[in-house]
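Both chains are given apart, each in its own frame, so use the hints to dock them into the complex.
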Amino acid sequence: SAVISQKPSRDICQRGTSLTIQCQVDSQVTMMFWYRQQPGQSLTLIATANQGSEATYESGFVIDKFPISRPNLTFSTLTVSNMSPEDSSIYLCSVEGGTDSSYEQYFGPGTRLTVT
Amino acid sequence: GENVEQHPSTLSVQEGDSAVIKCTYSDSASNYFPWYKQELGKGPQLIIDIRSNVGEKKDQRIAVTLNKTAKHFSLHITETQPEDSAVYFCAAYGSNDYKLSFGAGTTVTVRA
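As given, the protein sequences belong to chains A and B, one line each in that order. Just so you know, this note's numbering puts 88 at position 88 of the first sequence, and the rest follows in order with no gaps. Offset between the second sequence (1-based) and this note's numbering: plus 116.
Excised from the complex, chain B in its bound form (with noise of 0.2 Å):
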């Protein structure tokens, strides 16, 4: 099945500065990534995805970027904020076995 391995585990940055995390996947048939930025107490909340045929989406303070070939894709916020503050987790949609498979998480800390 689909092997998602996510960098770093915690990440710590100033307000105001950007914050990425990176993850790569083994299946290269792979062709949904998103994102989800889970809060204390709270579910996982969808926040981007990127499918294969793009190589860059952008939402407003945040982005994703895809590299089919090296097989990693990666999350970039931008102008970081406290609200930022949460654990970050990627996934990819197996084309073999029709599911997610999600990273292990990126606890990200802002400092105001």
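Isolated chain A, as found in the complex (with noise of 0.2 Å):
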């Protein structure tokens, strides 16, 4: 299975900032994705981080609050905007690949984020 590292593993940052999250992985992916983990909670997909072109949103995610580049096939980066404490989350990039490949998803850290 690949293996995905996560910058930074934790921040706390004050509402009305930014901050950008990267996803490095040690081999070529086709697919990357970026979830969201809310304090007790289960997955809940943002966003596939396509390479060369837009990323594809889920519903109640948009381009403006969570703006994602793809720059190549290992790498990837989850800005989150303006925060507000809403915002606190463990935000997770996950790419698919594995030896029988089809579906099988790989998951990194995650990044702890605390909104103050």
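Everything labelled a hint here was simulated from the structure, so no lab data went into it. Check before you lean on any hint, since a few could be wrong.
[Unchecked claim] With a straight-line Cα cutoff of 25 Å, these simulated DMTMM-like cross-link-like pairs (lysine to aspartate or glutamate) come out:
1. A:K65 / B:D175
2. B:K215 / A:D11
3. B:K173 / A:E96
4. B:K158 / A:E54
5. B:K184 / B:E199
6. B:K174 / A:E96
7. A:K65 / A:E104
8. B:K153 / A:D87
9. B:K184 / B:D143
10. B:K153 / B:D175
11. B:K187 / A:E86
12. B:K187 / B:E199
13. B:K153 / A:D11
14. B:K187 / B:E131
15. B:K138 / A:D11
16. B:K173 / B:E121
17. B:K215 / A:D87
18. A:K7 / A:E86
19. B:K158 / B:D200
Right under this line is the structure:
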């Protein structure tokens, strides 16, 4: 399976500011995803990061709030813009791929964001 | 879209006993069902998965069963150990929206 790293691992930010989260994979992958996990909750897909084109956002998530970049097949960033306390969550990067690669998704360690 | 329900929300077992978590899904065309384990402060870890052409899969102390007719699948952990304590999530891959939908999670506590 792919090895996924995220930076930063955690941060405390003031409301109204923005934070960019980086996701690095140790091998080229076609599909990369960004999820949000609110405290004590399950995982919610924010968007699919597409290489060379705009990200595909899920219902309830918009590009102005969560701009995503995917410059190549091993790297992506998610920005959380104009943050409010409601944005306090774990943000997870995920990639699809494995030995029997159909559908298998692997997650990074997450970025724990607290907005004050 | 796909709707996945997971039960129970919490599960406490004595070390050495078995733990069973059950999930149901709504999309009869879903064909891939992974299970993730999330320890405190970590990202979800894929521990086992099953595809729709298989009824059961086992990996050491964990096993997953799938009943396509009833649209439910279960995770079985035998001979539980303290390190099995974590939150477990089931998921289903929707054939219409090509994405994973997750259950609400089960917090498993193994008592020593």
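Right, here's what the structure says about each hint:
no.: 1; hint: A:K65 / B:D175; in the structure: 42 Å, violated
no.: 2; hint: B:K215 / A:D11; in the structure: 29 Å, violated
no.: 3; hint: B:K173 / A:E96; in the structure: 21 Å, holds
no.: 4; hint: B:K158 / A:E54; in the structure: 29 Å, violated
no.: 5; hint: B:K184 / B:E199; in the structure: 31 Å, violated
no.: 6; hint: B:K174 / A:E96; in the structure: 22 Å, holds
no.: 7; hint: A:K65 / A:E104; in the structure: 28 Å, violated
no.: 8; hint: B:K153 / A:D87; in the structure: 24 Å, holds
no.: 9; hint: B:K184 / B:D143; in the structure: 10 Å, holds
no.: 10; hint: B:K153 / B:D175; in the structure: 14 Å, holds
no.: 11; hint: B:K187 / A:E86; in the structure: 35 Å, violated
no.: 12; hint: B:K187 / B:E199; in the structure: 30 Å, violated
no.: 13; hint: B:K153 / A:D11; in the structure: 24 Å, holds
no.: 14; hint: B:K187 / B:E131; in the structure: 30 Å, violated
no.: 15; hint: B:K138 / A:D11; in the structure: 35 Å, violated
no.: 16; hint: B:K173 / B:E121; in the structure: 21 Å, holds
no.: 17; hint: B:K215 / A:D87; in the structure: 23 Å, holds
no.: 18; hint: A:K7 / A:E86; in the structure: 21 Å, holds
no.: 19; hint: B:K158 / B:D200; in the structure: 14 Å, holds
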